[in-house]
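So the chains spell out like this:
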Amino acid sequence: MTRYALIFNLNRCVRCRTCYIACKWEHGIPFHPRDEAHPREYYRLRYASWEWGSYPDVRRAHIPIICMHCDDPICIDFCPTQAIVKRGDGIVYVDKERCNGCGVCVHVCPYGALYIGPDGKADGCDLCVDRVDSGLEPRCVEECPARAIIFGDLDDEEGQAHRLVSSGEARPLLLDGVKGTSVYYVPSRNERWDELPRDMNFLKALGERKRDLPPIKGLIRG
Amino acid sequence: MRVKVRDGRVVDVRGEELPGWDGRLCGKAFAGILGRVYAPDRILQPLKRIGERGEGRFIPCTWDEVIEAVAERLKRYIQEGHPESFEIWWGCPRQQDNMYFIHYWSAVMGTGISYIHGQVCFGDHLVEKVVTFGGNHASSLVVGVADLLRTRIAVIAGQNFPGTTLFASSCAVPTYALVNEARRRGCRFIVVDPKLSDTSPWCDEWIPIRPGCDAVMVMLMIKTLIDEALIDEDFLLRYTNAPQLIGEDGKAVRDGEGRYLAWDEESSAPTPLPPAGERGGITLGLGRIFEVEGVNGPVRCKTALQLLYEEAERTVREHGWRIAEIRERVIQLALELGANRPSVVVYPGFTSGRYSNWFQTLRAYSALNLLLGNIDRPGGFYILKHAYNLGVGWPRPPEVPDYLEGREFVPGPWGNLMDKRSIDKAPCYKTPRDFHPSTQALPWLHFKAIEEGKIRAILSTAENSAVTQPDSKWVWECLKKLDLIVVGDQLPKEFIDLADYVIPEASYIERFHLYQRSYLGVDDREHLIIYMRSAAIPPQGDSKPLSWFLIKVAERLGMNRFFKNLDLEYEWWDRMLKEAGLYPRVTSRKLIEEGPYHESHPLEYNVLFKPIGTRSGRFEIYSNELSEECYHNPKSRWFGNPHVYPIPRYIPIAEPRGRDEFYLIGGKAVWHQKSATQHNRALMEDAIEAGCPYTAIYINAERAGKLGLRDGDLVELECIGPRSEDDPCVIDERAIGVRERGRIRLTEALHPDALWIYFAAGHRSRLMLKKAGEGVVMNMLIPYSVSPYAGGCGKNYSIVKLRRVED
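Respectively, the protein sequence lines represent chains A and B. 1 is the number of the first residue of the first sequence in the numbering used here; add one for each residue after it. 1001 is the number of the first residue of the second sequence in the numbering used here; add one for each residue after it.
The set of hints was computed from the structure by calculation and includes no laboratory data. Each hint should be verified, as a subset may be incorrect.
[As the list claims (entries may be wrong)] Okay, the calculated beta carbon distance ranges per label pair:
| no. | chain 1 | residue 1 | chain 2 | residue 2 | range |
| --- | --- | --- | --- | --- | --- |
| 1 | A | 2 | B | 1604 | 30 to 36 Å |
| 2 | A | 166 | B | 1205 | 30 to 36 Å |
| 3 | B | 1517 | A | 166 | 38 to 44 Å |
| 4 | B | 1205 | A | 163 | 45 to 51 Å |
| 5 | A | 197 | B | 1804 | 32 to 38 Å |
| 6 | B | 1045 | A | 197 | 53 to 59 Å |
| 7 | B | 1657 | A | 197 | 25 to 31 Å |
| 8 | A | 40 | B | 1604 | 32 to 38 Å |
[Unchecked claim] Per the computed footprint, the stretches of chain A lying under chain B, defined by three or more beta-carbons under 8 Å from a beta-carbon of chain B, are:
| no. | segment |
| --- | --- |
| 9 | 58-68 |
| 10 | 100-106 |
Idealized CB from N, CA, C, for every residue including glycine.
Please construct the entire structure, taking both the sequences and the accompanying hints into account.
Here it is in C-alpha cells:
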C-alpha cells in the first residue's frame, strides 16, 4: 500500500517563495494584483507569517500552507456535489467536472487552503497528482532550492519521509477537529509547534486570507 | 537556466545540471518569464510622449522615428564638438544587452557612458575592500565568499541572510545548499541588524543593533580580542601591516629609501616592513612606544595595531553607551569568535547598512577579520582563485578603423573600458585623486552636469535613476531639464514616465550575452562556469536588442564602418573566448548548444596566490593610501577628513531626537530583483498580500503604542535630516521637508529607534500595476550625500518625523 506524505523542513526553509511561484507555474494559476475583476487571490500554496515575543526577544515564523490532505476531510463532508475525492494513497483533489463552485469547501477548510479559481471552480493542492502518478515528485519538491520539501511514501520504510514521520521529527499541523493529515512539518526554533492550534498570532496569520471569502452559492447539504 | 520552447513560446524552465543547481532554480527565474518576458504590461512597441514629462502619456510610434530623433540630436552635439552631451546610463549587467558593446559604441561615437546604478549599489564597498586588501583580493571579499563548510561561527550584519546572500559568490540556489550544509555541520549563524528581516529567523541568533552603530560594536570586539590576547599574531605579522610604525603625527614612518618600517626585536631597531608572508623578528608592539631616527631627529612612533587598539578603547569609552543593550552579548561573541579563529567570519553585508559612516564601518569590520586571521584560511573568508581574463570583445583594426588613437582608456565596471577623461573617471585619475579608481560611477556629477547644461540627452537602459538614486526630488528636477530622454526596458517604470521616447528592449532570453562566474560548491570545490545567454525565443512584439538600435543610430550618422560587419550574436563572444585562450575548445555556439563550460578545482588556501595590491604589499589596518592620498595630503580635498582617517574610526551619524522622530532605514526581501521587483507581478503578488507586506512602513510596536498608533494607520513621514550641518557629506538638502505617506505595520522585530521599509517599496509610475502606487519612495526622503574618496552615495538611512494622518 502507498501512503503519500509531503514534509516541509522549516529548519532548511529560507522563505524564498520559490514553492509559491513554482506551484503557480506548474498549474497555470494566474498572477495578478487584486482588482475589481479579480477580487480574490488564486493559490494552491500560500504562507502564514507571524511573530511572537516582544522586542528584543522576538521570533518570526513563516510556514507554507497547502491542502493538508486530511485523513477525514471536512470539505468532503460539506461538498454538496461530491466533487472532492480522497484517494487510497491519501491524495485529496477536486473533481472539476462535479464541482459547482459553491465555495462551501473554501469556507469550511480550517487551514484556508482552498480557493475558487478563475474558472469558477474550487481548487487546492493535489500534490501534483498527475506528476506523482507518472513517477515524478510534486513540482514544489523538485524546485525547492533549499531542499526543504520532502515527498515520499510513509509505507516505504527505507524512505526519508518514513524516517522523519515515524521518528516524530516531522509533525502534522493539527487544528481543532483534524485528526491526521498527509502534510507534515519539521519545526524550527521559531514556531512553538505544540501551541500553534491555540496561538492567536498564528491563527490570525492563517486566517488573514480568509477575510474576503467568496459568497456561498446555492444550498448547503443537510 | 534552460528553457523549453513550444511554438515559439517558453513552456517550462529548468536549472542547469551543474553542481549546486542540480536542475533547480529559485522563484525569481520563474518570475522573470511570467512577470517580465510574458508580462501583460510588457512594452512591445516604441512609444512617443504626448503629455507633460511625468504624466506618463504616450502614443505608439515607429522605430525609425526614435532612431531619427536620437541621430538628429547626437549629430548636433557632434557638430558642436560635444558628443559627450549625450550619455548612456546603464544598470544591471545581467539585465543588460551586451554591456561591452554599449561601451564600444560610446567610445566610437564619443558619447558619455555611466554605470550609474553601480555606485548606489556596491561602489563604496568595493573601494573599501581594494583600499584594505588590494585589488587582487577585493572582489571575493566584497561579496563575502566564505569556506562555510568549515566555518564555526558566521556573523552577518545588515543583510537579510540567508535570503539575499552572496556567500558562495553565486546565485541563490547553490548558496542555500551551502548554508544549509554549513549549519548541518554545526556552523552557527548570527545576524546583526536593527530589523529581524524576512529570512533571518533561519539564523540561530539575532543581535538588534541601533542604526549606524556597527562600528561601535566592532570596536568593542576589537578591544575585547586584544585585551584577551585572542588575536592571530602570526597572521597579523605575516600578512598585515599591523606591525607598521606610525609616527606621532599619524603618518607612516619611512626609511631613506621610502620603505615602510616595522620594529625588529632582535636588533632593537627599525627594519623595513618585510614582504607579505615573512615575519622576521618584527613585533606587533602593543602597549609600546618606539623611537626611530628620522631626517630631522628622533621620531616617536607606535605600531598600526597599537593605534587601532587606542582607537577602539576611545570609541568604547566615549560611545559604548550607544550599544548598551547588546554590550554583554557583543563581548561574549568576541570571545567566541576569538576562541574559534580562524574558522569564523564577520561579514558586514553587501549593500545595506549604508549610513554616512559606512566606509569607515566597513574598514572596522575588515580590521576585525584581520585580527581573527580569517582571510583565505580554513573556515574563514575564501579568495576565489580561478577566473579567465575574457577582455571586452571590442573589435580592433583591421576589422574596424582605428578608433583608439589619441584616446586613453582605463578600467571601468565589470571589466569594461572607459575614457580617462569621462565624468566618472577624470576625478579618479587626477593628482591627488578625488575618488578611488574603483568607484563604479560618480552619479551626482552627472546630475550637476545636467544642471549646467553639459549633459543634454540621456539614453537609459536596465536602470531607473528616476527613483533609485537618493534625493529623488533633486534627480527628478535634473532629469526634467534634459533636451531628450530615451528609456529602454521591458516593463513600465518611473523613468519611462519622464521619457520622450520609450524603446521596447528585447529581454534576456531574446538576445545574446556571455558571462563568467566562479563560486564555492557544497561539494567543497571551487567551480568556474562560462555560459551564454542566447535568444531562445524571438524578441516579442516589435522589441529589439538595444545594440540593434544603437547600430541603426550610428548608420544614420554615417558611422557604419565601425559596425557593419559586427556579429553580436556569436563572433563578439568568440573574440572574448579567444582572449581567454579558450577558443576553439570553447565557442559561443558550443556554449549555446551544449550548455555551460565548467571546471572545478579543490580549495586552495593561499593568501599569496597573487600579490597583495596595497601600498605596503600587506593587508592594511592602517591605510597608507588613505593617509597619502587624502588624510595627510594638504592638496587633497579630503585633507584631515575623519571619513578617510587611516585607522578605522567610528563617526557618529545624525540622530532622531523627538518622540516622533526616527531613523528611516530599509533593506531587501529574498525575492528582490533590485528596483525591478515591483514591476514584476509574479514577485509582488505574495509580497503585497502575505503576512509581511511589502509596501508597509514597519514600526516597533511599543514606540507605536506611545504615539497612539495602530496597525494599518496611515502616516506621513517628513524628512528632517541629515542636514549638511549634521553631516558634512550631505551635498543637497532638497529632500529635507519632503513628505511621503504610507500605512504602518507594527512589529516587535525592529529596533525602537527605527522605521523600516523595503527597498523600492513605493512606486510612482502611472503606468505600473495598480497596487504599486502604494508605499513610500524611500529615496525621496534621503538627502544626497557622498562619502569622501569612496564616493558612496547610495544611502539607506535618513531622519524622519512621523505623524498620523486621516484616511
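Hints and how they fare:
no. : hint                        : in the structure
1   : A:2 to B:1604: 30 to 36 Å   : violated (48 Å)
2   : A:166 to B:1205: 30 to 36 Å : holds (32 Å)
3   : B:1517 to A:166: 38 to 44 Å : holds (42 Å)
4   : B:1205 to A:163: 45 to 51 Å : violated (29 Å)
5   : A:197 to B:1804: 32 to 38 Å : holds (36 Å)
6   : B:1045 to A:197: 53 to 59 Å : holds (55 Å)
7   : B:1657 to A:197: 25 to 31 Å : violated (46 Å)
8   : A:40 to B:1604: 32 to 38 Å  : violated (56 Å)
9   : 58-68                       : holds (count 5)
10  : 100-106                     : violated (count 0)
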